[in-house]
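2 protein chains.
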Amino acid sequence: MPVGTKATVKGLMPGLVAQTGSEIILSNTYHLLLRPGPELIERRGGLHKFMRWNGPILTDSGGYQVYSLGDTNKVTNDGVVFKSVVDGSTINMTPELSMDTQHKLGADIIMAFDDCPPSVDPATMSDARRRMLTTKTGSFKKSYDHDERLTQSNERTIRWLERCLKFHKDSGRDAVQGLFGIIQGGTDLERRDWSIERVCALDLPGFAIGGVAVGEGFDQIVRVIGHCAPRMPEDKPRYLMGVGYERDLVTAVRAGVDMFDCVLPTRNGRNSNAFTRTGQIRLKNAKFAEDDGPIEEGCDCAACSPGPLEWGGEGAGGMLPEGGGWFSRSYIRHLFMSDEMLGPLLVSLHNVRHFQRLMLDIRVAVRDDCWLALAERWPVAAQGVATEV
Amino acid sequence: MPVGTKATVKGLMPGLVAQTGSEIILSNTYHLLLRPGPELIERRGGLHKFMRWNGPILTDSGGYQVYSLGDTNKVTNDGVVFKSVVDGSTINMTPELSMDTQHKLGADIIMAFDDCPPSVDPATMSDARRRMLTTKTGSFKKSYDHDERLTQSNERTIRWLERCLKFHKDSGRDAVQGLFGIIQGGTDLERRDWSIERVCALDLPGFAIGGVAVGEGFDQIVRVIGHCAPRMPEDKPRYLMGVGYERDLVTAVRAGVDMFDCVLPTRNGRNSNAFTRTGQIRLKNAKFAEDDGPIEEGCDCAACSPGPLEWGGEGAGGMLPEGGGWFSRSYIRHLFMSDEMLGPLLVSLHNVRHFQRLMLDIRVAVRDDCWLALAERWPVAAQGVATEV
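Residue numbers (my numbering), protein chains in the order written: chain A, 15 to 403; chain B, 15 to 403.
The hints are simulated quantities; they were obtained by calculation from the structure and are not laboratory data.
Treat the numbers as computed from the prediction; the structure is a model and nothing was measured.
It is possible that part of the hints are untrue.
Since the list gives no way to pick out one identical chain from another, each pair is judged satisfied if it fits inside one copy or across any two copies.
Stated by the list, open to error - Below, computed lysine-lysine pairings styled on DSSO-like, alpha-carbon distance capped at 30 Å:
1) 88 with 180
2) 298 with 183
3) 183 with 63
4) 298 with 24
5) 63 with 150
6) 24 with 183
7) 97 with 155
8) 156 with 250
9) 298 with 63
10) 88 with 118
11) 250 with 155
12) 156 with 298
13) 97 with 298
14) 63 with 301
15) 118 with 298
16) 301 with 97
17) 180 with 150
18) 301 with 24
19) 301 with 156
20) 301 with 155
21) 118 with 156
22) 155 with 183
23) 24 with 63
24) 183 with 156
25) 155 with 118
26) 118 with 250
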């Protein structure tokens, strides 16, 4: 799922997003709650109509942003009190408010409001959280008990999920919107088991693994996903939240995961970082100044090849490209050096298509059980094939 | 002609520009000379290939920007010495360098390097030029003789044109690139006549009126265009540079002008200002927060209506819009309030199409001599119909 944080996949018209093969997108409850507000979007007929995306949408619960973005939050058993970055007002985010907001947005899949515990790596924490939790040398403060925090997170997550589910059913919205539960537990596999047992016991249409890829490193990601995914219901979608790089996706699919979202394709694209089968390239680099090639040879995105959107629209007066072509690395570098919007747009477009192409190839690998062929085609993901899950 | 200053119509993929009905675009020699440089673009196979625009391109000569953007320029009879804003280097812009640069860019129509005299309205001058030319109260300094400056501009413009033409012919590029001459003379009709007589005496494939809409007001624009256009060769394109608003275009066409360029559609679009038949609207305004309508009812641009580019591309997996639709004013306002790239993109797109639709309707008015019908359809341009030219 490409991420359309504020009801737009940054820079890309919905038709272009669809053209990348994306069939479902993610949007962020936290951001839309703050601006333009769920009531306004509800009055517009919901998020699909508002942003003109005709396919399925998933909204997250806002839980993750409340932690990752807020420096003055107060977390209690009831929910999280945080300050709006838009107008400074105080918002009391609860499971019920998250549900109500997601009902108004009207996404097809909505997520439970969970209590995401801090990463074990202080380097990946927000400044405020790190100050709060760790000493100057980076270890946890004595007053902070990480194990206790994981237990607290696990218990809150299931209690909050039950409140979400009650609110969701009472509203009658469960007939049209599917609520997914989220599994927490950090890198502690026993606590993950505890969470899986309780969360997956509820009658929900899908389940997600949360709290992964928050700084714990590839080995721990593999360990946690490899442990959790096979223990989740096989007949329901398994969704790994906020992940990730190519090797992570391959690893996770091999463990049984079905769904992903990540900002990497668009965020890195805006910084001129293009994903290729052999790794990322930074198109701002001087070495691309005279490079006539496309971002990636053989890519079929609208930046790397003449797509149906590129030329010959009805209004084009019959103009057609004379010999195909692509936006060269040289041209894209020029766009970035000149701060031209088209640069971020083209690289984002390519990157989204890059991940969709990878996922399409992964489907083939699943069907035909030909993972080594996948690793050959996608050297950047080979580690994900080579890793035992 | 939409303006693609730095080899891109800001934010719009070439296919989208073509879809607006634009068949030719303008790009700026000055900006491309500074970055990425004409040699780099020449090595890429020229501007068309570099920016992936398959239709005709016109490049200006750089003369206008040398004056409008430079505060430390030194103008002599030989040319203009100015400092690069990119790397601080000194550039000696001459008619020959302008030609050579435009040859390397490879546009279909190239413009002569002219000496654009200062506007008569100090309010529209650059700060440096105003300090140089005027007193604190805004009148011209005694040491500055505006009439003398107009004469100097006229004489330089024809001498520089002759140098351009010689360089152009000597290079052999006149076989593939058409050089247009530019008429100057300010708001002094006798000096305009002097310029027309000399410039149009040369065997060139087209002629432009320069130095118009530089702050002199609608009445003076009408007076100058109404005087000049009919005196220019009828069998060659007449191009009014850098103009303008709808009424200006209508007025100019009625006087005999065939070609225009202007940054208004894209520049104003980036600031959320959308052109409509009845005038501009600022989509950032709070009154549009809950407005479900398109930017303009009845507009056929890809922002206001479901176009062929919007949905159903090959990669879209058969997804099609269920009931047409448009990007609402409410949504576009949200995009601007959230600093999302898609906002500038959509309004620019609409604005470019707005002017193309006006020009298409003007063609009908020319053919059928039905100007009053045009004024009814385009109230914003009615003054251009009502004005005697």
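So, going through the hints one by one against the coordinates:
Only within a single protomer do residue 88 and residue 180 lie at most 30 Å apart by alpha-carbon distance; the minimum there is 24 Å, versus 76 Å between protomers. For the homomeric pair residue 298 and residue 183, neither the shortest alpha-carbon distance inside one copy (51 Å) nor that between copies (38 Å) is at most 30 Å. With identical chains, the CA atoms of residue 183 and residue 63 are at most 30 Å apart within one copy only, with a shortest distance of 24 Å there and 58 Å across copies. When the C-alpha separation of residue 298 and residue 24 is checked against a cutoff of 30 Å, the pair qualifies both within a copy, at 19 Å, and between copies, at 18 Å.
In this assembly of identical chains, the alpha carbons of residue 63 and residue 150 never lie at most 30 Å apart, being 49 Å within a copy and 55 Å across copies at closest. Taking identical chains as interchangeable, the C-alpha atoms of residue 24 and residue 183 are never at most 30 Å apart, the minima being 33 Å within one chain and 48 Å between chains. Taking the closest pair of Cα atoms, residue 97 and residue 155 come within 30 Å of each other only inside a single copy of the chain (26 Å); across copies the shortest separation is 57 Å, beyond that limit. For a Cα distance limit of 30 Å, the shortest separation of residue 156 from residue 250 qualifies neither inside one copy, at 41 Å, nor across copies, at 85 Å.
Taking the shortest alpha-carbon separations for residue 298 and residue 63, only the inter-copy value of 20 Å comes in at or below 30 Å, while the best intra-copy value is 36 Å. For the homomeric pair residue 88 and residue 118, the shortest alpha-carbon distance inside one copy (25 Å) is at most 30 Å, but the shortest distance between copies (62 Å) is not. Taking CA atoms no more than 30 Å apart as the test, residue 250 paired with residue 155 passes in neither setting, with 40 Å inside one copy and 81 Å between copies. Taking identical chains as interchangeable, the C-alpha atoms of residue 156 and residue 298 are never at most 30 Å apart, the minima being 45 Å within one chain and 51 Å between chains.
Only between protomers do residue 97 and residue 298 lie at most 30 Å apart by alpha-carbon distance; the minimum there is 24 Å, versus 37 Å within a single protomer. In this assembly of identical chains, the alpha carbons of residue 63 and residue 301 lie at most 30 Å apart only when taken from different copies (20 Å versus 43 Å within one copy). Taking the shortest Cα distances, residue 118 and residue 298 sit within 30 Å of each other only across copies (24 Å), while inside one copy they are farther apart (41 Å). With identical chains, the CA atoms of residue 301 and residue 97 are at most 30 Å apart between copies only, with a shortest distance of 26 Å across copies and 45 Å within one.
With identical chains, the CA atoms of residue 180 and residue 150 are never at most 30 Å apart, being 43 Å at best within one copy and 73 Å at best between copies. Taking the shortest Cα distances, residue 301 and residue 24 sit within 30 Å of each other both inside one copy (27 Å) and across copies (25 Å). Within a single copy, residue 301 and residue 156 get their C-alpha atoms no closer than 50 Å, and across copies no closer than 54 Å, so neither meets the 30 Å cut-off. Proximity of residue 301 and residue 155 under a CA criterion of 30 Å is satisfied in neither setting, with 46 Å inside one chain copy and 51 Å between copies.
For the homomeric pair residue 118 and residue 156, neither the shortest alpha-carbon distance inside one copy (43 Å) nor that between copies (68 Å) is at most 30 Å. When the C-alpha separation of residue 155 and residue 183 is checked against a cutoff of 30 Å, the pair qualifies neither within a copy, at 41 Å, nor between copies, at 79 Å. Taking identical chains as interchangeable, the C-alpha atoms of residue 24 and residue 63 lie at most 30 Å apart whether they share a chain (17 Å) or sit on different chains (27 Å). In this assembly of identical chains, residue 183 and residue 156 lie within 30 Å of each other by CA distance neither inside one copy nor across copies; the values are 42 Å within and 83 Å between.
Within a single copy, residue 155 and residue 118 get their C-alpha atoms no closer than 41 Å, and across copies no closer than 65 Å, so neither meets the 30 Å cut-off. Taking identical chains as interchangeable, the C-alpha atoms of residue 118 and residue 250 lie at most 30 Å apart only when both belong to the same chain, with a minimum of 25 Å there against 60 Å between chains.
In the structure shown, a violation is registered for the earlier hints numbered 2, 5, 6, 8, 11, 12, 17, 19, 20, 21, 22, 24 and 25, in ascending order.
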